[in-house]
Amino acid sequence: MDLNTKFTPKSWPDHAEQATLEGKNKFVGIWIFICSDIVLFASVFATYLSLKDSGPAGMDIKASELFGLELAFVMTMLLLTSSLTSVYAMYHMKNYNFKGVQLWMGITVLLGLGFLGLEIYEFYEYTVHEGFGFTHSAFSSAFYVLVGTHGLHVIIGLVWITGLIIRNAKRGLNLYNAPKYFASSIYWHFIDVIWVFIFTVVYLMGVLG
Amino acid sequence: MGHDTHVQEKSQVQYDYDRKHNAVHMRHQVVNFAIMIFFTFLAFAVVVADFSPYFIKPFILLLAGVQVVLQLYSFMHMGEKKAVHIGFINTFVWMGALIAFTIFLALLTIVWW
Numbered sequence: 001m002d003l004n005t006k007f008t009p010k011s012w013p014d015h016a017e018q019a020t021l022e023g024k025n026k027f028v029g030i031w032i033f034i035c036s037d038i039v040l041f042a043s044v045f046a047t048y049l050s051l052k053d054s055g056p057a058g059m060d061i062k063a064s065e066l067f068g069l070e071l072a073f074v075m076t077m078l079l080l081t082s083s084l085t086s087v088y089a090m091y092h093m094k095n096y097n098f099k100g101v102q103l104w105m106g107i108t109v110l111l112g113l114g115f116l117g118l119e120i121y122e123f124y125e126y127t128v129h130e131g132f133g134f135t136h137s138a139f140s141s142a143f144y145v146l147v148g149t150h151g152l153h154v155i156i157g158l159v160w161i162t163g164l165i166i167r168n169a170k171r172g173l174n175l176y177n178a179p180k181y182f183a184s185s186i187y188w189h190f191i192d193v194i195w196v197f198i199f200t201v202v203y204l205m206g207v208l209g
Numbered sequence: 210m211g212h213d214t215h216v217q218e219k220s221q222v223q224y225d226y227d228r229k230h231n232a233v234h235m236r237h238q239v240v241n242f243a244i245m246i247f248f249t250f251l252a253f254a255v256v257v258a259d260f261s262p263y264f265i266k267p268f269i270l271l272l273a274g275v276q277v278v279l280q281l282y283s284f285m286h287m288g289e290k291k292a293v294h295i296g297f298i299n300t301f302v303w304m305g306a307l308i309a310f311t312i313f314l315a316l317l318t319i320v321w322w
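These protein sequences, in sequence, are chains A and B. Sequential numbering from 1 applies to the first sequence in our numbering. Sequential numbering from 210 applies to the second sequence in our numbering.
Any given hint could turn out to be false.
[As the list claims (entries may be wrong)] No farther apart than 30 Å at their CA atoms in a straight line, the calculated lysine-lysine pairs in the DSSO-like style are these:
| # | chain 1 | residue 1 | chain 2 | residue 2 |
| --- | --- | --- | --- | --- |
| 1 | B | Lys266 | A | Lys180 |
| 2 | A | Lys6 | B | Lys266 |
| 3 | A | Lys99 | B | Lys219 |
| 4 | A | Lys10 | A | Lys24 |
| 5 | A | Lys180 | B | Lys229 |
| 6 | B | Lys229 | A | Lys6 |
| 7 | A | Lys62 | A | Lys180 |
| 8 | B | Lys266 | A | Lys24 |
| 9 | B | Lys290 | A | Lys26 |
| 10 | A | Lys6 | A | Lys24 |
| 11 | B | Lys229 | A | Lys10 |
| 12 | A | Lys99 | B | Lys266 |
[To be verified] Here's a subset of chain A near chain B, in silico, CB distances under 7 Å, partners left out:
| # | residue |
| --- | --- |
| 13 | Ser11 |
| 14 | Lys24 |
| 15 | Phe27 |
| 16 | Leu40 |
| 17 | Ala46 |
| 18 | Phe73 |
| 19 | Val74 |
| 20 | Leu80 |
| 21 | Tyr91 |
| 22 | Lys94 |
| 23 | Asn97 |
| 24 | Thr149 |
| 25 | His150 |
| 26 | Val193 |
| 27 | Thr200 |
Quick caveat, the hints were computed from the structure, so don't treat them as lab data. Positions of the beta carbon are idealized from the N, C-alpha and C atoms, including for glycine.
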């Protein structure tokens, strides 16, 4: 059977994303990538925690004075909601509703863009108005590397999902692209997993001092 | 590559059943999402309410842990027994978490200024 075979809602297989060997490989592949990413984030998290509030003598910016909770809260809500919208996309994929997949993936991208915009705004505020640049202290470098690595993952995710939406717009749902959408949604959830730790460890615990 | 699947038409009964099953599953996901949002509120609330840091820190870390497990097992399908190589994936994710914890411990104990 060809990967581009047309299906109907009734002939669409359960677990279409794992119906082909390629789909199975993609599923395991994205998870192996995530496992290595866990270790990457562990090292930048550990660096941040060990260098938090430290820097050259006379450094006057501490985490408890710098971070505000309002922005972190809005960003968390945006990213958590985008996780749910990509679950909706996968729900529509199970029901062979391609328009639903595209729509909800599109909403996911919009929420992700909102999150990214706020993060850029936050970095801008810290660098320009607070004088907390990347080279300001060990603390600032560790902070930007940790939150920036997460931001980079968000950018990659947005480019990936936008690419899928555009490239498959005329193709419709089949066994060729179902695993691609599925892998991108798993990756998007992983970004959310990392953010849960960032808002807890960096922002909430930072405000506590 | 990908030539091992046969097109199989479902009966109307099976089709209706699966649609219903998917809808019920989606409703569970929304409940999981509501729990995550509630935990997030709770975490921000205890920080704003200014309790003792000795209570807040372990509490919000616990909330984060539960949220992540929910995310992994419901949204990311790590609990789905039928998924391919899922035992292998579970092993590797938790090994990753173990290595992550070791890196925390190592860096936090050797950097002391």
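Hints and how they fare:
1. B:Lys266 to A:Lys180: 39 Å, violated
2. A:Lys6 to B:Lys266: With a Cα-Cα distance of about 53 Å, the restraint between Lys6 of chain A and Lys266 of chain B is violated, given a limit of 30 Å.
3. A:Lys99 to B:Lys219: Judged against 30 Å, a Cα distance of about 22 Å means the pair holds.
4. A:Lys10 to A:Lys24: This hinted pair holds, its Cα atoms lying about 22 Å apart.
5. A:Lys180 to B:Lys229: Satisfied, since the Cα-Cα distance of roughly 25 Å is no more than 30 Å.
6. B:Lys229 to A:Lys6: Holds, at roughly 23 Å.
7. A:Lys62 to A:Lys180: 43 Å, violated
8. B:Lys266 to A:Lys24: 40 Å, violated
9. B:Lys290 to A:Lys26: Holds: Lys290 of chain B and Lys26 of chain A sit about 17 Å apart, inside 30 Å.
10. A:Lys6 to A:Lys24: Distance of about 20 Å is within 30 Å: holds.
11. B:Lys229 to A:Lys10: 14 Å, holds
12. A:Lys99 to B:Lys266: This hinted pair is violated, its Cα atoms lying about 44 Å apart.
13. Ser11: 5 Å, holds
14. Lys24: Because about 4 Å separates Lys24 of chain A from the closest Cβ in chain B, which is inside the 7 Å limit, the hint holds.
15. Phe27: Check passed: Cβ of Phe27 of chain A comes within 6 Å of chain B, closer than 7 Å.
16. Leu40: Leu40 of chain A check fails; min Cβ-Cβ to chain B is 10 Å, beyond 7 Å.
17. Ala46: 4 Å, holds
18. Phe73: 6 Å, holds
19. Val74: 11 Å, violated
20. Leu80: Holds, about 6 Å.
21. Tyr91: 5 Å, holds
22. Lys94: 5 Å, holds
23. Asn97: The hint is violated - Asn97 of chain A has no Cβ within 7 Å of chain B, the shortest such distance being about 10 Å.
24. Thr149: Violated, because the Cβ-Cβ distance from Thr149 of chain A to chain B comes to roughly 14 Å (cut-off 7 Å).
25. His150: 14 Å, violated
26. Val193: 5 Å, holds
27. Thr200: 4 Å, holds
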